[in-house]
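With the hints as extra help, turn the sequences into a complete structure.
2 protein chains.
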Amino acid sequence: MISPELLEAFTAVVGANNVLTDEASRSNYGHDETERLLYLPWVVLKPETTEQISQIMRLCNTHKIPVTPRGGGTGLSGGALPNLGGVLLSTERLNKILSIDERNLQVTTEPGVITEVLQDAVKEKNLFYPPDPSSKGSCFIGGNIAENSGGPKAVKYGVVKDYVLNLEVVLPTGEIIWTGSNVLKNSTGYNLTQLLVGSEGTLGIVTKIVLKLIPLPKYDLLMLAPFASVEKASEAVSAIFRAGFTPSALELVEINALKIVSEMVDSHSLPVSDDIEAHLIIEVDGNNMDVLMQEMEEISVLLADYEAGEIFFAEDAQQKEELWKLRRRVAEAVKMKGYTIEEDTVVPRAELPKLIKGVKALGAQHDFKVVCYGHSGDGNLHIRINKEGQPNSFENPEMTAVLEDLFKLVHSLGGTISGEHGIGLIQKKYMPIIFNEAQLNLMRGIKRAFDPNNILNAGKIFDL
Amino acid sequence: MISPELLEAFTAVVGANNVLTDEASRSNYGHDETERLLYLPWVVLKPETTEQISQIMRLCNTHKIPVTPRGGGTGLSGGALPNLGGVLLSTERLNKILSIDERNLQVTTEPGVITEVLQDAVKEKNLFYPPDPSSKGSCFIGGNIAENSGGPKAVKYGVVKDYVLNLEVVLPTGEIIWTGSNVLKNSTGYNLTQLLVGSEGTLGIVTKIVLKLIPLPKYDLLMLAPFASVEKASEAVSAIFRAGFTPSALELVEINALKIVSEMVDSHSLPVSDDIEAHLIIEVDGNNMDVLMQEMEEISVLLADYEAGEIFFAEDAQQKEELWKLRRRVAEAVKMKGYTIEEDTVVPRAELPKLIKGVKALGAQHDFKVVCYGHSGDGNLHIRINKEGQPNSFENPEMTAVLEDLFKLVHSLGGTISGEHGIGLIQKKYMPIIFNEAQLNLMRGIKRAFDPNNILNAGKIFDL
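These protein sequence lines map, in sequence, to chains G and U.
Letter by letter, the first sequence follows residues 1 to 464 in UniProt numbering.
Letter by letter, the second sequence follows residues 1 to 464 in UniProt numbering.
Please keep in mind that the hints were generated in silico from the structure rather than gathered at the bench.
Here the structure is a predicted model, which is why all the values come from computation and not from measurement.
The reader is advised that the hints may include incorrect statements.
[Said to hold, decoys possible] Okay, derived cross-link-like pairs now, DSBU-like style, lysine-lysine, Cα gap no bigger than 30 angstroms in a straight line:
(1) Lys212/G x Lys232/U
(2) Lys212/U x Lys357/G
(3) Lys212/U x Lys232/G
(4) Lys156/G x Lys156/U
(5) Lys125/U x Lys156/G
(6) Lys232/G x Lys123/U
(7) Lys259/U x Lys337/U
(8) Lys232/U x Lys123/G
(9) Lys125/U x Lys354/G
(10) Lys354/U x Lys123/G
(11) Lys360/G x Lys212/U
(12) Lys208/G x Lys429/U
(13) Lys354/G x Lys123/U
(14) Lys156/G x Lys320/U
(15) Lys428/U x Lys208/G
(16) Lys337/G x Lys360/G
(17) Lys156/U x Lys123/G
(18) Lys212/G x Lys360/U
(19) Lys428/U x Lys212/G
(20) Lys369/U x Lys429/U
(21) Lys428/G x Lys212/U
(22) Lys156/U x Lys125/G
(23) Lys212/G x Lys156/U
(24) Lys232/G x Lys357/G
(25) Lys212/U x Lys156/U
(26) Lys125/U x Lys218/U
(27) Lys320/G x Lys156/U
(28) Lys208/G x Lys408/U
(29) Lys156/G x Lys212/U
(30) Lys212/G x Lys354/U
(31) Lys208/G x Lys156/U
(32) Lys232/U x Lys125/G
[To be verified] Rough simulated footprint, nothing fancy, chain U against chain G, three-plus residues with beta-carbon under 8 angstroms:
(33) 96-109
(34) 432-439
We put the CB at the ideal spot given by N, CA and C, even for glycine.
Pasting the structure below:
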């Protein structure tokens with residue numbers, strides 16, 4: 001599908017070792033964590049520098065070859081799937097942390113750095129980069145930028161977009177730009193930085209990233225509160241904020257999700273009994289242990305009003321880590337049980353009880369099993385549905401019928417269909433539930449301004 | 001300049017009382033707080049609803065009439081100046097706070113509400129909307145969105161963009177859209193919300209605003225620290241953050257600015273002596289008074305390393321208010337002394353000493369007087385220059401020569417030319433110092449996608 005001349009040109013840019021055309025490689029790079037979808041690219045390229053990416057884009061733009069950028073391949077919406085074949089451009093070799101600026105509390109990094117590696121590197125300097133998606137051990141920071149990732153800490157510290165100060169970007173035409181400046185406040189022209197964040201690799205390929213850091217909080221405390229009713233648990237969530245607390249994490253896990261993950265990880269510490277419907281995982285952090293202890297105490301008292309059961313307090317770093325590991329592995333565990341597609345709904349926080357009630361009703365109505373878990377403090381609920389004997393795929397009409405009803409429900413509650421995963425390939429058919437033609441046309445206009453030949457991650461988010 | 005038929009059509013939309021064509025009205029609405037600039041619009045329209053604005057935009061788009069939206073008229077970059085004549089569209093009658101959602105910690109407001117009125121209204125519910133530009137007593141929240149305003153609290157709490165969840169916008173074509181959803185996390189399509197924030201009324205007219213609120217902190221403490229050297233003062237700024245503190249305000253005021261404002265307000269409490277070059281105003285806030293006292297104590301100790309003089313602690317609400325009033329009136333006072341144009345430079349925080357040293361050198365070199373003050377915690381320094389007998393105008397070539405050198409210096413320090421005021425009319429000629437053609441062309445492409453006939457606030461930020 002790609003001419004020998006073009007392959008030669010690519011080879012001249014990145015070297016023969018970094019031009020892969022064998023079927024195994026194409027297959028390796030043809031999927032991400034979205035369902036079991038596989039699309040073979042024509043060729044996989046592994047550039048190492050901004051300049052190489054610029055040259056690749058110039059070639060592809062001239063020859064109108066589709067290009068799909070790919071980070072760690074952990075995406076859940078198909079954003080990195082090479083659905084049109086073409087060039088799969090992996091950022092894995094742009095894997096250097098370029099500088100940690102302790103004077104200005106900033107880090108400059110390449111996109112192919114694993115998120116947790118970056119977090120650990122700044123932690124050594126007593127600095128903190130909070131966004132921590134569940135996949136932090138394998139996802140790339142570049143992919144986090146593309147999807148505007150969140151994670152448990154977002155409830156207090158915000159999502160990726162709140163930390164990105166400036167981006168070096170190779171445009172689809174091959175031009176290289178910076179989106180802004182390395183400053184904390186900026187009213188100089190349109191906010192290209194924020195436009196790039198969450199644009200899912202459709203507007204440009206991010207090649208350098210400047211992130212804001214904050215001082216690392218000294219202490220944290222973690223507790224697990226069981227509830228006899230999932231709705232009571234979700235009501236407690238918004239009560240905590242109304243009372244003036246801002247936990248550094250506030251996660252909800254339904255009992256059926258917890259049971260599945262407990263089987264997988266053989267956990268001791270978990271209270272799993274038949275009269276529990278859900279747990280809240282609540283963390284507070286800060287620099288004064290007395291204040292934190294008092295906050296935990298006050299939150300416990302408040303939870304009693306929502307019929308919380310006996311609260312488990314993690315006693316040491318090991319217990320905390322065990323609990324977090326459990327939480328992070330929920331997605332993997334339920335996926336293994338056949339709940340393949342993870343939805344990423346988000347509603348205003350106080351509408352969470354209605355969302356949970358509604359999704360249960362939808363499950364019953366369509367005869368689907370449902371599991372819920374997620375970042376309840378943000379109103380961001382991950383939902384997976386499953387039906388024995390049904391293909392768990394975005395192409396299964398019975399499944400998409402449920403999802404369409406679900407997203408209409410979310411929209412009616414003032415919410416939207418993705419809080420941190422992006423739209424990518426498999427959610428784009430639901431975009432008209434959220435956006436009308438005027439809105440979609442603005443997005444299309446922006447895409448055209450960046451990518452006149454529609455070569456970069458085309459067919460993601462929306463069709464032109 | 002506008003046909004009688006069109007005037008009649010406008011009158012049918014907003015009523016005769018809200019169509020002003022007399023010279024006094026046109027003159028009233030023909031300026032903002034930028035220099036002494038005056039541009040007469042052909043007609044002033046005062047719509048009251050989104051629907052009326054939509055109808056006005058449809059008419060203007062059909063007839064290709066320039067439209068300039070205007071809020072409180074407190075802008076410092078000329079964003080609300082009707083430089084092409086045409087329609088001046090005032091949002092003053094869209095002045096209702098529509099709802100304060102205590103369950104979700106959100107407020108929905110029209111754009112013509114005065115920022116301080118909005119802050120006070122949510123404060124009554126024990127909620128906090130932090131961004132507080134100096135003009136908060138007269139500026140509109142809509143204008144704050146247009147310019148991505150900041151203010152002293154930004155250093156801890158962020159700027160306007162960090163609080164905007166969703167916007168209702170009338171597009172230049174008259175279409176009405178919402179930019180997003182009322183949720184805390186959103187990865188659903190391009191971030192139109194953040195694109196609109198800071199776009200200075202060039203992409204659409206904001207008609208409804210959904211803002212995130214946070215719990216109101218219970219206590220704050222305020223102190224004023226004098227320094228014998230302005231550079232030492234600015235070095236202390238970044239040391240405070242490196243030591244792990246995040247003050248809720250960290251302002252720097254040079255002594256010559258403070259002397260001018262002291263004359264104006266007849267203040268008692270201010271230590272103004274010949275061996276002082278600058279003051280830092282430092283505020284901490286939170287929910288635990290003991291913790292705050294300790295923080296203040298630790299910060300005081302740290303300041304001693306930077307040769308701070310005797311620190312003044314505000315003892316009660318009245319002393320705090322007096323000090324803040326003084327700070328807020330600096331701009332007005334120095335303006336009355338002939339320093340007309342306020343620059344809005346921003347650099348990475350730790351580069352502040354270099355910026356201050358550089359701007360002093362530039363002043364000496366060009367024989368201009370210089371005053372500096374501003375949000376030093378953000379690296380955001382307001383600079384005013386002045387020369388006896390020289391017109392203080394963006395059209396004075398001797399003045400613009402200094403400013404051009406200043407902005408090149410800012411750029412070389414990794415900074416940019418506006419942190420919170422916007423580019424508007426009078427800064428656009430400096431945009432090429434910060435952005436190359438590729439970057440400006442992206443912005444132009446975005447503008448065209450929103451405003452194909454280039455009728456809305458045309459000629460602001462950049463030329464098409």
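Tested hints:
For the hint linking Lys212/G to Lys232/U, the alpha-carbon distance of about 24 angstroms falls within 30 angstroms, and the restraint holds. Restraint check for Lys212/U and Lys357/G: the C-alpha separation of about 25 angstroms stays at or below 30 angstroms, so the hint holds. For the hint pairing Lys212/U with Lys232/G, the CA-to-CA distance comes to about 24 angstroms; that is within 30 angstroms, so the pair holds. The straight-line distance between the Cα atoms of Lys156/G and Lys156/U is roughly 13 angstroms, inside the 30 angstroms bound, and the hint therefore holds.
Of the pairs offered as hints, the one joining Lys125/U and Lys156/G holds, with about 21 angstroms between alpha carbons and a cut-off of 30 angstroms not exceeded. Distance restraint check for Lys232/G and Lys123/U: the Cα-Cα separation of roughly 29 angstroms lies within the 30 angstroms cut-off, and the hinted pair is therefore satisfied. Taking the CA atoms of Lys259/U and Lys337/U, the gap is about 11 angstroms. The hint holds against a cut of 30 angstroms. Restraint check: the Cα-Cα separation between Lys232/U and Lys123/G comes to about 29 angstroms, which is no more than 30 angstroms; the hinted pair holds.
At most 30 angstroms may separate the alpha-carbon atoms for a hinted pair to count; Lys125/U and Lys354/G meet this at roughly 25 angstroms. Straight-line distance between C-alpha atoms of Lys354/U and Lys123/G comes to about 28 angstroms, which keeps the hinted pair within the 30 angstroms bound. Only pairs whose Cα atoms come within 30 angstroms are accepted, and Lys360/G paired with Lys212/U is accepted, the gap being roughly 29 angstroms. Annotation: proposed proximity of Lys208/G to Lys429/U holds, straight-line Cα distance about 28 angstroms (limit 30 angstroms).
Using a Cα cut-off of 30 angstroms, the hinted pair Lys354/G and Lys123/U holds, with the two alpha carbons roughly 28 angstroms apart. Proximity of Lys156/G to Lys320/U is assessed by CA-CA distance (about 29 angstroms); at most 30 angstroms being required, the pair is judged to hold. Proximity of Lys428/U to Lys208/G is assessed by CA-CA distance (about 27 angstroms); at most 30 angstroms being required, the pair is judged to hold. Proximity of Lys337/G to Lys360/G is assessed by CA-CA distance (about 19 angstroms); at most 30 angstroms being required, the pair is judged to hold.
Distance hint between Lys156/U and Lys123/G is fulfilled; the C-alpha atoms sit about 21 angstroms from each other, no more than 30 angstroms. Simply put, Lys212/G and Lys360/U have alpha-carbon atoms about 29 angstroms apart, close enough for the 30 angstroms limit, and the pair holds. As the CA atoms of Lys428/U and Lys212/G are separated by approximately 27 angstroms, the hinted pair is consistent with the 30 angstroms bound. Distance restraint check for Lys369/U and Lys429/U: the Cα-Cα separation of roughly 23 angstroms lies within the 30 angstroms cut-off, and the hinted pair is therefore satisfied.
A C-alpha spacing of about 27 angstroms is found between Lys428/G and Lys212/U, which places the hinted pair at or below 30 angstroms, so the restraint holds. Pair hint Lys156/U plus Lys125/G holds up; C-alpha atoms about 21 angstroms apart against a cutoff of 30 angstroms. In summary, the hint linking Lys212/G to Lys156/U is supported, as the alpha carbons are separated by about 13 angstroms, within the 30 angstroms threshold. Distance check on the hinted pair: Lys232/G and Lys357/G sit about 11 angstroms apart at the alpha-carbon level, within 30 angstroms; holds.
Pair hint Lys212/U plus Lys156/U holds up; C-alpha atoms about 15 angstroms apart against a cutoff of 30 angstroms. Distance restraint check for Lys125/U and Lys218/U: the Cα-Cα separation of roughly 13 angstroms lies within the 30 angstroms cut-off, and the hinted pair is therefore satisfied. A hinted pair counts as satisfied when its Cα atoms are at most 30 angstroms apart, and Lys320/G with Lys156/U qualifies at roughly 29 angstroms. A distance of roughly 23 angstroms separates the Cα atoms of Lys208/G and Lys408/U; the hinted pair therefore holds under the 30 angstroms criterion.
Taking the CA atoms of Lys156/G and Lys212/U, the gap is near 13 angstroms; set against the 30 angstroms cutoff, the hint holds. Restraint check for Lys212/G and Lys354/U: satisfied, since their Cα atoms lie roughly 21 angstroms apart, inside the 30 angstroms limit. This hinted pair checks out: Lys208/G and Lys156/U have alpha carbons roughly 26 angstroms apart, not beyond 30 angstroms. Distance restraint check for Lys232/U and Lys125/G: the Cα-Cα separation of roughly 25 angstroms lies within the 30 angstroms cut-off, and the hinted pair is therefore satisfied.
Taking a C-beta to C-beta cut-off of 8 angstroms, the region 96-109 of chain G contributes 6 residues in contact with chain U, enough for the three needed, and the coverage statement holds. With 5 residues bearing a CB less than 8 angstroms from a CB of chain U, the region 432-439 of chain G meets the requirement of three and the coverage assertion stands.
Of the numbered hints given earlier, the model fails none.
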